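Peer 1: Fit chain B to the known structure of chain A by using the hints.
The listed protein sequences derive, respectively, from chains A and B.
Quick note: the first sequence uses the numbering used here, first residue 1, plus one each step.
Quick note: the second sequence uses the numbering used here, first residue 1, plus one each step.
Rather than coming from a laboratory, the hints here were simulated on the basis of the structure.
Hints are supplied without guarantee of correctness; some may be wrong.
[Stated by the list, open to error] Derived DEER-like restraints, expressed as beta-carbon distance ranges:
#, chain 1, residue 1, chain 2, residue 2, range
1, A, G39, B, Y58, 27 to 35 Å
2, B, Y58, A, T59, 36 to 44 Å
3, B, G127, A, V16, 37 to 45 Å
4, B, G138, A, L52, 49 to 57 Å
5, A, S107, B, D115, 33 to 41 Å
[Said to hold, decoys possible] Below 20 Å or equal to it, Euclidean Cα-Cα: the simulated SDA-like pairs (lysine to any residue) are:
#, chain 1, residue 1, chain 2, residue 2
6, A, K73, B, Q191
7, A, K69, B, S196
8, B, K111, A, T44
9, A, K110, B, L175
10, B, K111, B, A199
11, A, K110, B, Y177
12, A, K69, A, T57
13, A, K47, B, L108
14, A, K73, A, N2
15, A, K129, B, H178
16, B, K109, A, N2
17, A, K47, A, Q79
18, A, K129, A, Y108
19, A, K129, B, S196
20, B, K111, A, K69
Being a predicted model, the structure only gives us computed values, none of them experimental.
In this text, a Cβ means the ideal position worked out from N, Cα and C, and glycines have one as well.
Here is what each chain is made of, one letter per residue.
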Amino acid sequence: MNAISCTDLSFGYGKVRVINDVSFEVEKGESIGIIGPNGGGKSTLLKLILGLEFPETGTLDVLGQPAGKDRRKIGYVPQAMRFDPLYPVSVLEIVLMGRLDRLGVGSYSKECRLVAEEALETVRLSDFKNRTFSELSGGERQRVMIARALACEPELLLMDEPTANIDLSAEEQFIEALASLRKDMTLVLVTHDLELVSELSDSVLCVNQHAHRHSLPLSGETIREIYSGRRRVEHDRKTRHQQGDHSVCAHD
Amino acid sequence: MTEKLATNRETIPSALMIEFLETVRDVPVIRYALLAGIVSSLTYGVVGTFVVTRRIGYIAAAIAHSILGGIGAAIYFNRTYDIIWLTPMLGAIVAAIASALVIGCISLKFKEREDTIISAVWAGGMGIGLLFLHHTPGKGVNLESYLFGNILLTSKGDVIATCVLGLIVLGLVALFYHKLVAVCFDEEFVQLRDVSSRAYYLLLLVLAGICMVLLVRVAGIVLSLALIILPAATACRLARRMWIIMLIAVGLSTMYNVGGLVVSFQLDQPTGPFVVVVACVLYGLSFLLKKS
Numbered sequence: 001m002n003a004i005s006c007t008d009l010s011f012g013y014g015k016v017r018v019i020n021d022v023s024f025e026v027e028k029g030e031s032i033g034i035i036g037p038n039g040g041g042k043s044t045l046l047k048l049i050l051g052l053e054f055p056e057t058g059t060l061d062v063l064g065q066p067a068g069k070d071r072r073k074i075g076y077v078p079q080a081m082r083f084d085p086l087y088p089v090s091v092l093e094i095v096l097m098g099r100l101d102r103l104g105v106g107s108y109s110k111e112c113r114l115v116a117e118e119a120l121e122t123v124r125l126s127d128f129k130n131r132t133f134s135e136l137s138g139g140e141r142q143r144v145m146i147a148r149a150l151a152c153e154p155e156l157l158l159m160d161e162p163t164a165n166i167d168l169s170a171e172e173q174f175i176e177a178l179a180s181l182r183k184d185m186t187l188v189l190v191t192h193d194l195e196l197v198s199e200l201s202d203s204v205l206c207v208n209q210h211a212h213r214h215s216l217p218l219s220g221e222t223i224r225e226i227y228s229g230r231r232r233v234e235h236d237r238k239t240r241h242q243q244g245d246h247s248v249c250a251h252d
Numbered sequence: 001m002t003e004k005l006a007t008n009r010e011t012i013p014s015a016l017m018i019e020f021l022e023t024v025r026d027v028p029v030i031r032y033a034l035l036a037g038i039v040s041s042l043t044y045g046v047v048g049t050f051v052v053t054r055r056i057g058y059i060a061a062a063i064a065h066s067i068l069g070g071i072g073a074a075i076y077f078n079r080t081y082d083i084i085w086l087t088p089m090l091g092a093i094v095a096a097i098a099s100a101l102v103i104g105c106i107s108l109k110f111k112e113r114e115d116t117i118i119s120a121v122w123a124g125g126m127g128i129g130l131l132f133l134h135h136t137p138g139k140g141v142n143l144e145s146y147l148f149g150n151i152l153l154t155s156k157g158d159v160i161a162t163c164v165l166g167l168i169v170l171g172l173v174a175l176f177y178h179k180l181v182a183v184c185f186d187e188e189f190v191q192l193r194d195v196s197s198r199a200y201y202l203l204l205l206v207l208a209g210i211c212m213v214l215l216v217r218v219a220g221i222v223l224s225l226a227l228i229i230l231p232a233a234t235a236c237r238l239a240r241r242m243w244i245i246m247l248i249a250v251g252l253s254t255m256y257n258v259g260g261l262v263v264s265f266q267l268d269q270p271t272g273p274f275v276v277v278v279a280c281v282l283y284g285l286s287f288l289l290k291k292s
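Just chain A, same shape as in the assembly:
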């Protein structure tokens, strides 16, 4: 069974067409990277998969159901930097939000807490559970977001620019955490970071209104084609490290 089946999908905001006649499939257990230029429709495609937007034409099934119908088995990792870093909430409380659909009224059950703590263990943040979000570095915050998604016990894990705004050493920890999850679930990774895609994905879906599937590794020609000649993210992590690029990692 496919984790995602998309047939002749089109979507736009008003008269602006963002996704045009896109068809693709993602098998269960597969890891796929979604790349493409800014404004090409990557994030919109993610929203459609999550059921936050709905197709104008075509069909989009996720885990055997129309997108948005049942999201309990979908984990979602947004960019951690979009949150208010001063929001007074602990790491464990954030991870427990992954069990929100199982919370009626009052407090979380013991089972929910156990699952949340296991998720923190998976991303190696057990010792941080009582810290507040504001005390964490960019990379740690991103790992908290993964733990929150894992607390949903997902079959499909979707990530939106997971390494944006985090430093290189944190990026390596992050990749390590994700690599261990590949065998257990389907991963969909929306990113500009081609190196991240090559480390974590089986194949690549290039989205620029239309979508084309490519196997890895991507050739320079393909990359130029995808980015319309703008090879904006073909960076080398090791070179950046050697050059001392440790951007955006400080504790706030």
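Peer 2: Just chain B now, kept in the frame of chain A:
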């Protein structure tokens, strides 16, 4: 000489406090004011924490000002058509809930128009209230007490209504605490867990609206925003966990209300403005205690 001064410093406040407590015992109005102050402090200390951390202070302000529409309408219909049960507080509650829902629903649907909606509800509510009051028959309404508050006008009925509303608000927060925290942190994720983030956001606005009603007697429509924001904002500078911030905010709110009542009673100062000034000063001082 020094010993005498020291003794005076100790005895003057305690004498004032004894006098105040005797007044509380003997004068029902002061007793009602004290009770209403303490109960409303619990409520807006808790809800104020959500208002501050979710950064919806201006929505709370718009709801507070729109309350005048409900108060004006209630007084007008009460006097014109002899609808005795339609009290200003009931009018205020209806207006607060309606404003919260209007602002919430429209801003959820048209996010880019949020500031315009806030302004419209803010000014529109006041306009409606002033129009109703202008056409209200009988003796003039003490508009100043609604705009700037006068806790000494608290009646026994007000105390009962405050306790009931306070219990409802605190009960709802206790039941849905984790969902409210989650909605304030990440609405989108809550929606993805198939929990209605919109419903909980609207609930939060309604709770904030009810708190603003409770604050009308204490600080009035104009100054009520300060009392829902400042204790929680000061607490945010002192703690980093939601429940600790709530506890500190409740403590500060109670201190402001009770202290304000004592001091204004003894020094013949208007309670609301006095409490707001003290809250502002303490918020300013909190910047000296800890860096953000």
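Peer 1: Take the hints in turn and mark each one as holding or not.
Peer 2: Structure-based check of all given hints:
1. A:G39 <-> B:Y58: 27 to 35 Å: Since the Cβ atoms of G39 of chain A and Y58 of chain B sit about 32 Å apart, the hinted range of 27 to 35 Å holds.
2. B:Y58 <-> A:T59: 36 to 44 Å: Hint holds: Cβ distance 43 Å, inside 36 to 44 Å.
3. B:G127 <-> A:V16: 37 to 45 Å: Hint holds: Cβ distance 39 Å, inside 37 to 45 Å.
4. B:G138 <-> A:L52: 49 to 57 Å: Hint holds: Cβ distance 55 Å, inside 49 to 57 Å.
5. A:S107 <-> B:D115: 33 to 41 Å: Given a distance of about 37 Å, which is inside 33 to 41 Å, the answer is holds.
6. A:K73 <-> B:Q191: Between K73 of chain A and Q191 of chain B the Cα gap is close to 14 Å, so the pair holds against 20 Å.
7. A:K69 <-> B:S196: holds (14 Å)
8. B:K111 <-> A:T44: Satisfied, since the Cα-Cα distance of roughly 18 Å is no more than 20 Å.
9. A:K110 <-> B:L175: holds (17 Å)
10. B:K111 <-> B:A199: With Cα atoms ~16 Å apart, K111 of chain B and A199 of chain B stay inside 20 Å; holds.
11. A:K110 <-> B:Y177: Distance of about 17 Å is within 20 Å: holds.
12. A:K69 <-> A:T57: Holds, because 17 Å separates the two Cα atoms, which is no more than 20 Å.
13. A:K47 <-> B:L108: holds (17 Å)
14. A:K73 <-> A:N2: holds (14 Å)
15. A:K129 <-> B:H178: holds (16 Å)
16. B:K109 <-> A:N2: violated (34 Å)
17. A:K47 <-> A:Q79: Holds. K47 of chain A to Q79 of chain A sits at ~14 Å (cutoff 20 Å).
18. A:K129 <-> A:Y108: The given pair, whose Cα atoms are some 15 Å apart, holds under the 20 Å limit.
19. A:K129 <-> B:S196: Answer violated: K129 of chain A to S196 of chain B is near 27 Å, above 20 Å.
20. B:K111 <-> A:K69: violated (25 Å)
Going through the hint list in order, the structure does not satisfy hints 16, 19, 20.
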